[in-house]
Each structure stands twice: as C-alpha cells, then as structure tokens.
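Enquirer: Chain by chain, the residues:
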Amino acid sequence: MNRFIVLFFVMLSMFAGAQSKFGQIVGQITDESGQTLLGVTVLLNNTSQGAATDLDGNYVLNRVRYGNYSLKISAIGYQTQEIDVAVNSEEDIVKNFVLKEDTSELDQVYVVGKTKAEKIKEVGFSVNAIETQKIKTQSIAINTVLDNSVGVRVRTTGGVGSDFEYSLNGMSGNAIRFFIDGIPMDYFGSSYSVNNLPIALIDRIDIFKGVVPVELGSDALGGAINLVTKEQVENFAEVSYSFGSFNTHKVAFNGQWKFDSGFTTRLSSFYTYSDNNYNVWGRGVYYGEEDTGKAIEFTKDNPAERFNDDFQTFSTKLDVGFTNKSWADQLFLSILGSDLKKGVQTGQTMGHVYGEMRNNEQVLMPSLTYKKKDIFTKGLDVSTFAAYSHTKAEVIDTTTARYDWRGEVIGTNPSGGETSRNGRSLYTQTDNSVIARFNGTYQLPKDFKLGFNYLYTSTSRTGEDPFSPPHRLAYFDPQNIASHFAGLSLETIKFNNRLRANAFVKWYGFDSSINEVVYTTEYEVRPVTSNISNWGGGFAMSYKLFQRFLLKSSLEQATRLPNATEALGNGVTITNNPDIKPEQSFNANVGFILGRLPLGGSQGIKLEMNAFYRNTTDKLQMNVQGGQATGIFENIKEVSGTGVELDVVYDLNQKFKFNINGTYLDFRNTLKVDENGNDNIIYGDRLKNEPYLMANAGVEYTLEDVIQKKSKLFMYLQSSYVHDFFLNWSSLGNEDTKNKIPTQLVFDAGLGYTFPNEKLNVSVDFSNFLNEQVYDNFLLQKPGRAIFLKLNYQFL
Amino acid sequence: MNLKLMKTNKTWKAVTACLFIALNLAFFGCSNDDDSTDDGDSTQDVSYLVGAAVDEEGYYFTTDNITSGSLSIQGNGAEGWASISVTVDGYLYIVNNTEGLTEKFELTENGPVKVDAISNAVLAPGAFFRYIQATDNGDLFLSSSPEKESGKMPYGIIDLDTFTAAGNGFIEFPEVNGKVNLWANGLVQNGKIYFGSLYGDASWANLEENLITVAFDYPSITNPEVLESSASAGMTAGYRTNGTFATETGDLYQYNITSPLWYGNEEVADKPSVFVKIANGDYDDSYVLDVSAHFGEPVTIWNAWYAENGIAYANVVRAADAPEWGDLSQNTGTLVEIDLYNETITELNLPKAPFVNIFTLDCVENGNFYIPVSIAGGEANIYEINIDGGANGFTKGAKLDGSNVYVDVLQKVN
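Going down the list, the protein sequences come from chains A and B. Numbering of the first sequence is given in this note's numbering, commencing with residue 4 and proceeding in unit increments. Numbering of the second sequence is given in this note's numbering, commencing with residue 34 and proceeding in unit increments.
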C-alpha cells in the first residue's frame, strides 16, 4: 500500500512538474535563395499546436510541454519537411528551415503563395515592394531597378556615381527620402547611397508614395524608399565581381558568421571604379576652332569622350554583436567607413566642361543597434539606433588651365577655378552629425497595434578654403541644424483580415543656426537662428472586397523643411537662397490590386492601379540660373495635380513574365492670381522640367536544367520610355524652338546562368544596347551602349 | 555589321514602340493637356526685338509694333536670355553664358534663326561675358569685370564681317594709389576704349575718392591712361548698362553709382550723383551735372540711356526708397530726362518701376525714345517718350500679356 502511495505521489509530482514545464520553439523559414517565406505552416504532430510564419518568415510555438515531438513544415509549392525535436529546456529552441521547391507539384496545379513584397502591397499605403532575388546577381544598379518600377523616375546626370534625383508620383528631389532598414540614409555619405550600393546587399526595396508610415520617421513629404538588407539566420558569405564598359569594375562582399553563443559578426563591403569615359555629342559638346573661334559641335560619328569623370568608391560596414539572445534579438556595434573620389566633367549643362575639378568625400560612422521583440511584456517590440557621423567633403577647383571637349588645354585663366566666377577654390566641408532613432510597437487587445517612432538628427557644418573668397565666409564658421520627428500610429486588422487600417499623427521640429555675411566696416558672419515646428497626420486603409480584389487608399498632410544645401547652397555649384521656404503638401492615393487571376493552364495576370492627388505649396525645385553654370533651389508657389499609374504582370508558370507599367502625371501651376492680385501668366502650365509620361515594359524567362541538371538560366529584356518634356514653363515661347529634354526609349537586356550547386552564377548585361542618345536632364547626356560581365560566388 | 542583329533590334524596337504608342494614346486620350500653343503671326515684319523675363526664365521675340496692342511670349518667341545682346544690320548677337557661346541670329519674319556661334572659351578661357557692344570699329567687343583674384579682365573681339574671333585676352588695369580696378565697362570711340571703373581694395573697401576712367588704344588694348575727376566718387562703369555713352558731338558723358547697396558700405554714399563729360580724351572738369542737387536728397543713378540731341534718360532711385537690395526690384525707379547740353533735369510722370534690371535698351525712332515700364506686381508696357517732351510727353504703348513679365531688352532692329 505504501508503495502505491509513494508511487502515486511520485507520479503526481511528475505530473505536476510536467504541468509547469514548457518550452518554446522559434525559427525562421526561407527558400533556397534565402528569401523569407510568409504563411508557411508549422505543426507539432500529434498535438493541436501550430503556427504560421509572419512577414519575416519567423514563427513561434509557445508553451510547448516538455517532450519529444515531430515538427512538420509545409507550404504549397515546397517540399514538406519533418524533423524530430526534443523540448526539455525553458530556453528557446531555434529551428530554422530552408524549403525546397516541389516542382512536381507545380507541374500539376500552379498555386502561388504571396511573397513578402506582395503582402506589403496589401497594406493601405501606396507602396511598391520589389524583391531583388532574381536580379541581384546581375550587373544592374539599384537606380535602374527602381527606374523600371511604376510611378518612379530616376534622373541621373551621367554615368556611374553621378548625381541623381528621384521622382515619385510627381514629387521629386529631397521630398523623397531614403532609408536602409528604416534608418534615414542622409548621414551615411554619398558612397553608401542608393546610387552606389550594390544590389547584392539588398533583399527588398519598399517604395512608399506620398503617404509614409510612421516607422519611416522623417519629413519625407513626397515619399520614402526603404532598402531592406539581408537578415538571415544562417551563416553566409558571398562575393561578386563585375567589369565592363568604360573600364568599370565593381566588387562586393557580404557575409555573416554566427556562433552558437549568439555572437555574430557581419561584413559588407564594396569597391567601385569607372572611368565613365563614354561618348557625348550634339548641343553643348563643342570646341572652338583655333583661328576663328567658331564653335564646332561633335557628332555621333565623331563624338567627344568624357575625360574627367572617373569615379571611385570604397565602403565597408562591420557589425559585431549578438543575435537571438533572450535579452536581445539583435545588438550590434557597427562601424561604417567610406571613401569616394570623382572627377567633375561638367557644370549644370555640357556647355561648360571641366578638365581637372574633383570631389572627394570620406565618412566614418560608428553606430549601435538594438532590437528586441516582446521586451518586458508580450507584444512590446522595440528597435533603437544611434550613430555619430563624421563627413569630410572636398571640392578641388584650383587649376588655371581651361579645357574643351577635346580634352585639351586651350588656355589659362589667371584667377583659376573652372566652376566659379570668383577664382579658384579648395573648399573642405566637415559635417559632424548625430542620429538617434527609437521605434516601438505594442500589440493591443482586439487586433489593434500602437506604433511610436522618434527620430533626432543634428548636423554641425564647418568649412575652410585657403583661397577664402568673401562670398564663402558664411560656410567657414559653424552652422547647425537639428530636426526632431515624432510619430504615433494606431493600426488594426479586422473582418478576417479584410480590413487593414493605419491612422497616424506626426510632429516635426526644426532648429537652425545659419550664417549670413554682412558688411559693416568689414565682412562679418552673422548667425541667423530659427525654430520651426509643425504637425501633420493621415491614414492608410485597405479592404479586400473579394479574394483577389483589394481596394486601398491613403492620405497625408505633410511638411518638408529645406535642408542645408537647399537653403545655403554648397558654396560651389549651388548658390544659397535666403528667401527659401518650407514645402508643404497634401497627398492622397486611391487604388486597387487585382491579385493573380488564372487565365487557364498555368497562366495568370496581376493588375494594380493607383490614382493620386498632390497639392503642394512652395514646392522646392532646383533651377539652372540664367547664363550661369550654377543652380539655385527655389519655391514654386502652388503646384497641384493628379496622376494615375498602372502595372500589369502576366506570367506563365512563373517562369515567363511580361510586365508593363505606365504613369501619367498632370501637375500644373495653380497660382491663378499672384500676391498682388494680378493674373499669373503661367497659371495652368504643366510643371516645368518634370517628366509626366513614363512607361516600362519587360519580359523575363527562367529556364531550368540548361546544359547541366539543376542549373538555371535567367534572361530579361527591359525597355524604358520617357516622353519628352519642357525645361521651362510650357505655355511660354514658341513650342517648336523650346528647350526640351527629348523622348527616350532605352533597351536593356541580360542573362544569368546559375550552376547546379547554386554557389556560382555568371551573368552578362547590356544596357542601352541600341546606343540611343539619352538625357534625363537638359544638355546632360547619359551613357550609350555598355556591356558588363559579372561573377557571383557563395562560399557558405 | 550583323544584319540579323540589326533586324532583330529593329523588330524589338518596333514592338515595344507600338506598346508605348498604345499606352501613350490611352493616356493622352483623356488628357486635357494644353501645352500646344499657337505659333503666333509668322508674317510679321521685323522692326523691334523685345526680351522678357518670367519666373527666372528668359524669352525674346521680334515685332513690328510696340506702340499699340499687346505683345505676348505665350506661344511666341525664343527661349533664352537676350539680356546681353546687340543687333547690327538685321542680325542679333547674344552672349549665351549658359552654353558658353556667342551666337549670331538672323532676325526673320518667323523669329530669330541661329546662323553661327563662337566659343567664348576661345575668346577668354574660363570667362563669362557680362557686356557686349557693337563698336565703331566694325566689331563686337565683349567683356566681363576684373576677376577677383588676379584683377585681370577677360575680353574678346569678334569681327562682324566674318563673324570670327579677332582678338582676346585679359586686360591688366594699372593700379591707382595702390588700389585695383574692381569693375569696368568700356566704350569704344575713335581708336580708343574708355573703361568706366571702380577702384578700391579687393574687399570693395577704401574706394578711390575720385571718378576714374582708364583709356586704352583700341583694338590693341595698349597704352593705358588713367583719367581722374574730382567731381564725385564711386563707380563709373555702370551696372546693367554702360556708364559711359557718346553723343553726336563726339564727347562722352558718364554717370557714377554712389549707392551703399552696391558697395556694401557707405564710403561714397554722401557723394553726389553726377553726369560728367570726357572731351578730347580727358575729363572736362568744367562740366558737372549734379543730379543729387536737383533731388535734394541722396539718390543713385542706376542706369542711363542716350537718346539723341543731348537728351539722355536716367533711372534714379532715392536712397530712402531702397534701403535694401531687393527694393531695387520694386517700384522705386524714377525715369528722368537729362538734357546734357543745357544741363537740365526733368522727372517724367511715368509710373515708378524697377528700371534697374533693363539690360539692353536701344530704341530711338522718329524723335521718340521707347522704354519698357514693367511695374512690379502690375502690368508691363512699352512707353513712347517724346524726346525733350517734358514731364508728361509720353504715351503708353503696347502691353505685355501677363502681370509677372519683366521686359529687360528692347532694341530697334531696322
């Protein structure tokens, strides 16, 4: 009896112990390319417990009793996996999976799961999400990828490393802000920018148009582009090298080493060099005949070659820290260093050619990143970032030699300096910046989620120039700018995920101390301080009317403050504008998504359409100053307009895809009567120097088992069209002789071969292969035909 | 060349072009685009050249009538700045600093047609040109102002017959009392070029206390000779327009700028605004026409244009009306008739306007002087002024379409 009593109590205690002991299984599920998978089913066999992966491919199985289980992972289109797992500790058990495609299943019934990009599109914001998976092994710049996206126009001034400007649904310039993993890129330097980052480092690009969510905290009045880097659980290391036309070389390395202790290091590094010595001809590209001075234009058959446009940059980012610890999902101490050197070939047009002018820039940026989900309490997620950035930029313009488009010295200018009317310059600008960001979300009951974002940035700028012309005095003494952004959002998902809504308020604060030069008995620098704050807000909402049909709309009242360069100029090619004012805009979007509609067999078609309205006051736009080689940012009093964009994708088995998209903008000067009560002569004119009709079309095809089993051959042909547009107000002057940026139709093509082990990839790309003479900006010709070969290799 | 590849390229191009055309049509089908505008009257005679600025953009066009009706740059005229230009024998010569060219246009019934261009870099490497004039030597003289660091001033000479570069270089001005020439604009007459000047320190302080002109032999630009007048002080070069002009007698007349807005200091603010005369190669110290005395308060002559028979017209701004530089672009300018021979000054009862930004004005016909009056915040009209016609001897002429148009060029072409 006693034995039974003892046994009873032992069993009872074991049962009680078992009752109180739970573990947790967590992990991330990706496909073979490393792409995280959404909606994958994770089941503990013989239990009722299960979960589905979220947007980041993560899953969590809570309160799993101690014991041995079989874990089953399944998703349509992928081979099901099953492993044994023992739960015998309160520590998280991490089980990551890489799913392989199930081609046999695809041959029978083609079912397409939603990628993360597609899921992001279903939120109410007007957003494009571009997966880079297929193209990241090609020699394609991020700018080019985005330029082919609906509603996006990227205008560059030349070849590799040249200046660029984005336009999103009619909003352009600095109204568009760039982020990397949610952090503003303003302080990362020119090297670590969307223009120069290798696409291999980027997993996905989110493009928010007009209305920007709170977590991308900034005064991004016109839109935001967020580059999402690879965040992989497994170790990896990959290197790529491409070379091609114009002596262009690009090397990139990206890797992660993670130890069992959670200690993790990441390294991403890239080097780019190009001579950019492409041919140019036509208006603005001439030389003067020695005896007569007659301007002789270069022609397509006898072009000039750019000779002072070389570009070189090297950038490295090292992260050291811990991942997947109980106290931190991520804690990284990082250091970013970059060095950039480039020649400056022209002024604001090709009418002014420079032979020796150069720009250099060095950036050193230490930072600290911390992320934790369910911190303190379940549902509370935080992400913080803090950094210090030291940027030193040089403008070297000291030569007395003068060049023409033959690349020859044609004489000397005794005062020196190729760009300025005020003599030579060796201007060094130093920025010391601080950036701090806190982002938190908290899951409330009844499917509500609260979000908070705060961003602080400050820059102290000084300059020096041994040649010290008086007009540049304002740039020598320290000038300071600080901005605050705070945003609060409330989002919810209702009615069986049919309704998604996000309402938000934003607060902007701006403090500045900007120098002006005054003359009393001598030139003096006088700091002018200002303090501005403003509120904004908006909402985004989507509703799934039918399984494949989703309506969405968003609107925002937003403000953007002029940045230092817009207000103060850069002391060299952009002059200051003391009358500059903040830009404000009311932005609204409405659109729909028609999900993949089967057309029979394995064919399908997807369609997205978005209409938008923008009403901007004091829009900031850079204009070339009359008769000068410099520009100035100025306010255009009232501009408003509507636009529409359409994106259609047809696919066959997902292996063949045809995509066509188009954007039409109707933005006009809407100031009917000026401040004096008089009629405005340019009322109703289309916005000047802005493209308004753009389209892209492309096909891509993936072949498997080419030459070798399990190999892949990817091919694409892409075309880009921009209708001509006027440099100046459309109604003024004779239309036949007006300055215009001509229509461009550019074709790019390429193919990439992935070897069976999937570690080695070889690709070749042809850009502008019909060698069209193309311009994004007035009299600034872009490169012609070019070819690039690229090798990618994955070590791990 | 691979013909097959060429054919493939063309096929792809055609296919995609068709797609885009379809897209284009679809978009334009519902567009109310009104960019397309009328070319205007293509049969008009060419008598006058008008240049106008709107919203920091420049336009110029020809017309046969400036005394009545309306003039418009809507759908009419060429795009670009004609502010630094001159017309000779039916041709227009424009300094196009945006593209580094001096361009020659034939003025046809259908508007200016470009016929030739010279590279400004060949004339003066790296320089831009601020002034152009047709000289009595049968050429064009282009110049800027002395460069800040070297003190040298770029110039170029273009032969009109052949439209070729005939001379160029950098002018070295002599120092005066240890001071350098900071701004200069020349007038060519009888084998000499007379540069109205501004002498001071490189910082634009310690300005010379006399009026100074530097004369060189022309076109050799040699034998500099410094002319000085103690009649006043300040710059004699002129700002937008030349500070020196010649009359039918062969004498040169010149005015000075005294405004502290120009110098950033008040060193010469209390000096009188005057017209002085250069005769026989030197200042005529017996001639001083004191404009300040007429007004009885501090004023500055910002522009002056010679009409005929000793009559000039000047833009005079009262210092009290323009405490800041931006005030010059408001309605602060008073047009004044100056009888240089009889030394009388008459304020015209024209509307006040920002005359200071008129770059080129050369329009005298049948005893009338024509000037654009572009009222800030108001209308722009060409006014016909009866030369020596008194304070009210004027008529409002053609009106420019639009309220925010500034006419900065008016030239008689034929």
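No lab work stands behind these hints, which were simulated from the structure alone. Backbone N, C-alpha and C define an ideal beta-carbon position, used for all residues, glycine too. Hints may be right or wrong, so weigh each one.
Sample of chain B residues facing chain A (criterion: CB under 7 Å; computed from the structure) [claimed, not checked]:
id, residue
1, 92
2, 107
3, 132
4, 154
5, 178
6, 181
7, 192
8, 194
9, 198
10, 421
11, 424
12, 426
13, 435
Think about it this way: if two alpha-carbon atoms lie no more than 25 Å apart in a straight line, the pair counts; the simulated DSS-like pairs of lysine-lysine are [stated by the list, open to error]:
id, chain 1, residue 1, chain 2, residue 2
14, B, 147, B, 445
15, A, 75, A, 98
16, A, 547, A, 497
17, A, 103, A, 452
18, A, 261, A, 762
19, A, 452, A, 375
20, B, 147, A, 297
21, A, 609, A, 675
22, A, 303, B, 432
23, B, 432, A, 675
24, B, 147, A, 743
25, A, 328, A, 261
Enquirer: Just pull the numbers of the violated hints for me, sorted ascending.
Expert: 5, 7, 8, 10, 11, 12, 17, 21 and 22
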